[in-house]
Amino acid sequence: DTGVSQDPRHKITKRGQNVTFRCDPISEHNRLYWYRQTLGQGPEFLTYFQNEAQLEKSRLLSDRFSAERPKGSFSTLEIQRTEQGDSAMYLCASSLSTEGYEKLFFGSGTQLSVL
Amino acid sequence: GQQLNQSPQSMFIQEGEDVSMNCTSSSIFNTWLWYKQDPGEGPVLLIALYKAGELTSNGRLTAQFGITRKDSFLNISASIPSDVGIYFCAGDNTNAGKSTFGDGTTLTVKP
Numbered sequence: 701d702t703g704v705s706q707d708p709r710h711k712i713t714k715r716g717q718n719v720t721f722r723c724d725p726i727s728e729h730n731r732l733y734w735y736r737q738t739l740g741q742g743p744e745f746l747t748y749f750q751n752e753a754q755l756e757k758s759r760l761l762s763d764r765f766s767a768e769r770p771k772g773s774f775s776t777l778e779i780q781r782t783e784q785g786d787s788a789m790y791l792c793a794s795s796l797s798t799e800g801y802e803k804l805f806f807g808s809g810t811q812l813s814v815l
Numbered sequence: 073g074q075q076l077n078q079s080p081q082s083m084f085i086q087e088g089e090d091v092s093m094n095c096t097s098s099s100i101f102n103t104w105l106w107y108k109q110d111p112g113e114g115p116v117l118l119i120a121l122y123k124a125g126e127l128t129s130n131g132r133l134t135a136q137f138g139i140t141r142k143d144s145f146l147n148i149s150a151s152i153p154s155d156v157g158i159y160f161c162a163g164d165n166t167n168a169g170k171s172t173f174g175d176g177t178t179l180t181v182k183p
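Quick mapping for you: the protein sequence lines, in order, are chains A and B. If you use the working numbering, the first sequence closes out at 815, no skipped numbers anywhere. If you use the working numbering, the second sequence closes out at 183, no skipped numbers anywhere.
Chain B on its own, in the form it takes in the complex (with noise of 0.2 Å):
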């Protein structure tokens, strides 16, 4: 099936530094997606990206859809504390919310 790479696995960054984490597929997805997920709680939307080659910011967070369909990247830019959590990659061909995972990457942000 379907296989989403996500790396690094984690990463320990001071406070105000730029964070880049991407995710690669041996397939294409239609639609890219990405979430954060706290300790004991579910996953949150950050960005989706639906067109290959498009780029699309949400406060200091911007996404990549990549140009082959089979990679997106995100970067987390001037990182806070709060940034803190499991950064999980989702891509989905089915429009119906039936999206498959990365194995995601562990952010720790050293105030």
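For reference, chain A alone in the conformation it holds in the complex (with noise of 0.2 Å):
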């Protein structure tokens, strides 16, 4: 198992345009979630799905922000008409919910910069 892997690793766009970035987590984990980080804090959390069922969304998620995960296995995350206060790096990370608390497994991020 190579772990939870992100894609883009990183992203420019021009504020107004719509930017979309996959996550695969690790393959046998039915939880999966978006934190987003900026520079000199820690993560913060964004949303999360068990299966393909979104559970819960922070209210730091926006309208602009949409995320899926259709077949309980990879999850997208889109931003409609970015801003440049959606400049961060976004961390996917995944887990096996079982009794008690979940071990949490990040990827590598996508570091997004609005211009």
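Calculated from the structure, these hints are not laboratory results. Incorrect hints may appear among the rest.
What the hints assert, rightly or not - Capping the alpha-carbon separation at 25 Å, the derived lysine to any residue pairs in SDA-like fashion look like this:
| id | chain 1 | residue 1 | chain 2 | residue 2 |
| --- | --- | --- | --- | --- |
| 1 | A | Lys711 | B | Gly157 |
| 2 | A | Lys757 | B | Ile100 |
| 3 | B | Lys170 | A | Glu768 |
| 4 | A | Lys714 | A | Arg764 |
| 5 | A | Lys803 | B | Gly131 |
| 6 | A | Lys714 | A | Ser813 |
| 7 | A | Lys711 | A | Pro770 |
| 8 | A | Lys714 | A | Gln811 |
| 9 | A | Lys803 | B | Ser129 |
| 10 | A | Lys757 | B | Gln75 |
| 11 | A | Lys711 | A | Ser813 |
| 12 | A | Lys803 | B | Ala124 |
From the two separate chains plus the hints, produce the assembled complex.
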């Protein structure tokens, strides 16, 4: 298993454009998470899926953001009409839900720069 | 909302020295976590703590879950150059992976 994979690693876009990121979790993991991290800060939770169901969305996730996990495997995060404040590292993580705390495995992230 | 305060913000130490960093919260957590993040990579879990007062080691790393459930510390003994990175504490009350992260302690180790 190669771990959590994210694509692209870097994305530069102009303000107002739409962008889409992809995350491939560890294959047997049923939960998938999206976090956002800005420079000098820790990651902030955005949303998570159990299989194909999106179970929770943070207030940080404005209506310009949408995430999907259509077949319970890979996930996409789309940002419409990007703004400069969207510039950040977008991290995906996956876990296998069991009783008690779930260990998250993070990908290397997609670094978004909005010009 | 919940906030975690990590200190110090950064540390510069000589190889071989021991390191101590801590994390405090205004509210209690059921689980405390310590992660390390290298440049251009995602965080990697180092230690997870599940009970107040728990002391857990992972090689040269030792972490404790504070009795009040509002704090935790991480110690690294005999630091080596590959310990360089950003160390994040995180708290979780959900058992669902929705952690609250601190803003990190950046560690630099001089050979």
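For each hint, the structure was consulted:
1. A/Lys711 to B/Gly157: 24 Å, holds
2. A/Lys757 to B/Ile100: 22 Å, holds
3. B/Lys170 to A/Glu768: This hinted pair holds, its Cα atoms lying about 18 Å apart.
4. A/Lys714 to A/Arg764: Holds - the C-alpha atoms of A/Arg764 and A/Lys714 are around 15 Å apart, at most 25 Å.
5. A/Lys803 to B/Gly131: 19 Å, holds
6. A/Lys714 to A/Ser813: This hinted pair holds, its Cα atoms lying about 8 Å apart.
7. A/Lys711 to A/Pro770: With a Cα-Cα distance of about 23 Å, the restraint between A/Lys711 and A/Pro770 holds, given a limit of 25 Å.
8. A/Lys714 to A/Gln811: 14 Å, holds
9. A/Lys803 to B/Ser129: 17 Å, holds
10. A/Lys757 to B/Gln75: 19 Å, holds
11. A/Lys711 to A/Ser813: 6 Å, holds
12. A/Lys803 to B/Ala124: Status holds; Cα separation ~19 Å.
When the structure is compared with the earlier hints, no violation turns up for any of them.
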